[in-house]
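Colleague: For this one, chain A is given, so just place chains B and C on it according to the hints.
Protein chains in written order, with the working numbering: chain A, 16 to 252; chain B, 686 to 1022; chain C, 642 to 934.
One or more hints might be untrue.
[Stated by the list, open to error] For the chain C half of the interface with chain A, some residues (derived, Cβ under 7 Å), not all of them: (1) Leu804; (2) Ala807; (3) Gln813; (4) Ser817; (5) Leu820; (6) Ala821; (7) Arg824.
[What the hints assert, rightly or not] Per the computed footprint, the stretches of chain A lying under chain C, defined by three or more beta-carbons under 8 Å from a beta-carbon of chain C, are: (8) 83–91; (9) 94–104.
Rather than coming from a laboratory, the hints here were simulated on the basis of the structure.
As the structure is a prediction and not an experimental result, all values here were calculated from the model.
For each residue, glycine too, the CB sits at the ideal point set by N, CA and C.
So you can see what is in the structure, the chains are spelled out below.
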Amino acid sequence: MGAILEVEKLEAFYGRTQALHGVNFAMEEGGITTVLGANGAGKTTMLRAISAMVKTRGAIRFGGKPIDAKATEQIVAMGIAHVPEGRGTFVDLTVEENLRIGMFARRDKRHAARDMDRVYELFPILRQRRRQHAGTLSGGEQQMLAVARALMLGPRLLLLDEPSLGLAPLVVREIFRILRAINKESGVSILLVEQNASLALDLADHVFLLETGRVVLSGTSDVLKKDDAIRRSYLGY
Amino acid sequence: MSLTRRASLVLAIAVIALGFSLPFYMSGFRLFQYTQVCIYAIALMGLNLLTGYNGQFSLGHGAFYAVGAYISAIMMDRWNINYAWTIPVAGLLCLIVGFVFGRPALRLEGLYLALATFSLALAVPQILKYFEHWTGGSQGIVLTKPKAPWGLKITEDQWLYLVTFAITVVMFILAANLVRSRVGRAMVAIRDNHIAAETMGVDSALYKSLTFGVSAGYTGVAGALSAIAVAYVAPDSFNVFLSVTFLIGIVIGGLGSIWGNVLGALFIQFVPNWAQDISKAAPWAIFGVFLISFMYAMPYGIAGALKKLWISRVVSRVSQKQGGERAPSKQAQSQIR
Amino acid sequence: MDIFVQQVMSGLATGGIYASLALALVMIYQATDVVNFAQGEMAMFATYIAWSMMHAGLPYWGAFLATLVIAFVGGVVIQRVIIRPVENKPILTIVIVTLGLLVICNSIAGWVWTYLQKPFPSPFPREPIRVGNVVFGAHDLGEIGVTLVMLALLFAFFRFTPLGLAMRAAAQNPVSSRLAGIRVSWMLALGWGLAAVFGAVAGLMVAPILTLDPNMMGGIQIYAFAAATLGGFTSPVGAVVGGFMVGIVENLVGTYVSFIGTELKLTVALAMIIIVLLVKPSGLFGRTHTRRV
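Bound-form chain A, shown alone (with noise of 0.2 Å):
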């Protein structure tokens, strides 16, 4: 398989403040790779850069294409679908209507319907609470939803950013298993910012450490977690 993702010399900019500063990595389709660092570090701005929602400087190519040009409107058609941090739920529609709009950009939309089936079956909560408003769901509810969401669009590359924050260690271990079970059966491709170390070494086959806006360790996550040295002094456990 190919890369599905390819970024080159990134960097990104909010204003006048430059906050990546020429990040190189590639990710293999189908494979789940997780981004880690501290605060501040830039994993969010990364992911933000490849949704174009960050001016950025520097290559960055999915499934060959390049998109660092391209509106996020365009770059999501194109099969990324991006769950940002704190979630980004539409609080006031229901669940359901939310699940309806991330297929809007759907390019396969026969399959619609049966996508809508399967992420039921994934979120049995979802479907108990299909007429809510999405605000009234709770944290981790919310993470399922912001995750059905994305899937509803039909994507080949899922970028969700911190899905752990702020829930519990069941419900991020429900999730995680979640996200493991779709890439094994649908091959989507993942990649992960996380700040939970340990919870995402388990899940992803490749590793990334950024600090301050650089790429200072890579490797699969394999080999991350038993070297003792690197696991300490950058991870912290």
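Modeller: Chains B and C alone, transformed into the frame defined by chain A:
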């Protein structure tokens, strides 16, 4: 003193000198227009303190202008008080009214304050006509222009201009000092993030009401001056258009800028005339085009655009000369908005 | 009692006009935090276009529909061409642009069609309709009907169509909408288009009553502000309910409180605004905006 401060001071001295020289080669109607510019500048300074520096939207400052004008008119007409005294009295009374109005206004933000002040502005002509006994109803009050004192051989227009200009200079200096002081910084802090400001010990409610008061006071002084200079007050001259004109003035001039108020005053005084020169048939359409074009070209007002130009061209070049590449100073950067 | 019912119906009729214009204001405010001060003038302009079409021989309902389409296109074009350049600038900058638009519309209308008042036809019969002892103006009833039909269509559009859902999403959460592939910028343009349609409806319904002239919508716009304030600037439902309520209150106060003649009627609207702002600024249906620090 920083480069920007020095330049500002030089410019101020130049403008003041130029301003004082005006009556010597301009007379009659032309000079009267510039008197009006000074009056508008004071009114805009008032509104700018409230909206530009403190972030409270007012679409009703015409009301304070009217109050100031009528206080002055009534004092001169009914009680034969010398015009000079009416100015501080109008200012003070408007300050109190503004402060009192500021208290309930505290609960309103953004759109809602704008609506409340807008309603106030709409009601002003009605209220003025209602209290006929004091205000002379729809007819208004006719006054006489004061003559120059001490037997000075200048016309009334020239004397009025000099008085108005002098008062404008004084009020601008006071405002500049206010804005640079701790009080000024508190005002801006409240505008930018009032909750954060409060956690730093700024009494948001007090400052907001005070700002309302001072803002009304300035506009009241402008109103009083206009009553004296125009020698006539009538309810329909203080309609909602006036308040809207003031708002246009400070946005075009530049919110949170002292110089902006002068530029804005020049705009609202002269551009409608130019619009009429360009098209007799649809002058306001031309004016509207001017408004929109200005906002496209200078969304932060004329003062905002000039500041950006000044800082990007002059300041960085000077600091480059003074020792290698250096980004514009923090102070300069905070002025770029 | 009969008079009461009549005045209520009459109030509902004018209320429908306020509701339409208020809805237009709220639709745009909800999505962009901008009050389009030019909404009334745009509506007046559309009404003049209808007048020209009827003058050229088009039947009423043909001109009506054509005007709505033109208003829609006009609204979209205005958003794309005039508003978009200042979209991300400070609020007051955008306000000044809408004020510029207001004077341009007003001035050009006066220039093209003169300031002379023009009579405007009503599609409804002149004879009043009797129900028992109560007399209703046919235009009043027709107007209420038209307003309700338009509102129903709008509701159905937002509730049941994907585009309507996308517009609601874009208004509520533009960032997440972009991440869902919705072209938020175009949703805003559509919003302006729909708002212009409702403004035009208000203009078309009020022109037969007030006669057509460039300053026709001035007072209506103030009542629309009162309606939106009462109902809540953040709630389209509120705007509509507010509109009907303001219409009824205006009529009842005018009928039963003797010293409020036509001169002071505007004061009623202003008083309503002030009272609502003192008691509950967010209005009946609006939500108090909690802001993250």
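Colleague: Now, for every hint given, state plainly whether the structure supports it.
Modeller: These are the hints, each one checked on the structure:
Because the closest C-beta pair between Leu804/C and chain A is about 9 Å apart, greater than 7 Å, the hint is violated. Restraint check, Ala807/C versus chain A: the minimum CB separation of about 6 Å is within 7 Å; hint holds. Restraint check, Gln813/C versus chain A: the minimum CB separation of about 5 Å is within 7 Å; hint holds. At about 4 Å, the closest approach between the beta carbon of Ser817/C and any beta carbon in chain A falls short of 7 Å, and the interface hint on this residue holds.
The closest approach between the C-beta of Leu820/C and any C-beta of chain A is roughly 5 Å, which is under the 7 Å cut-off, so the hint is satisfied. With a cut of 7 Å, the hint placing Ala821/C at the interface with chain A holds, because the nearest CB-to-CB distance is about 5 Å. Because the smallest distance between the Cβ of Arg824/C and any Cβ of chain A comes to about 5 Å, under 7 Å, the interface hint for this residue holds. With 3 residues carrying a beta carbon less than 8 Å from a beta carbon of chain C, the region 83–91 of chain A meets the three-residue requirement, and the given coverage holds.
Here's how the region 94–104 of chain A fares: 5 of its residues keep a CB closer than 8 Å to some CB of chain C, so the rule of at least three is met and the hint holds.
The structure is inconsistent with hint 1 alone, although it conforms to all the rest.
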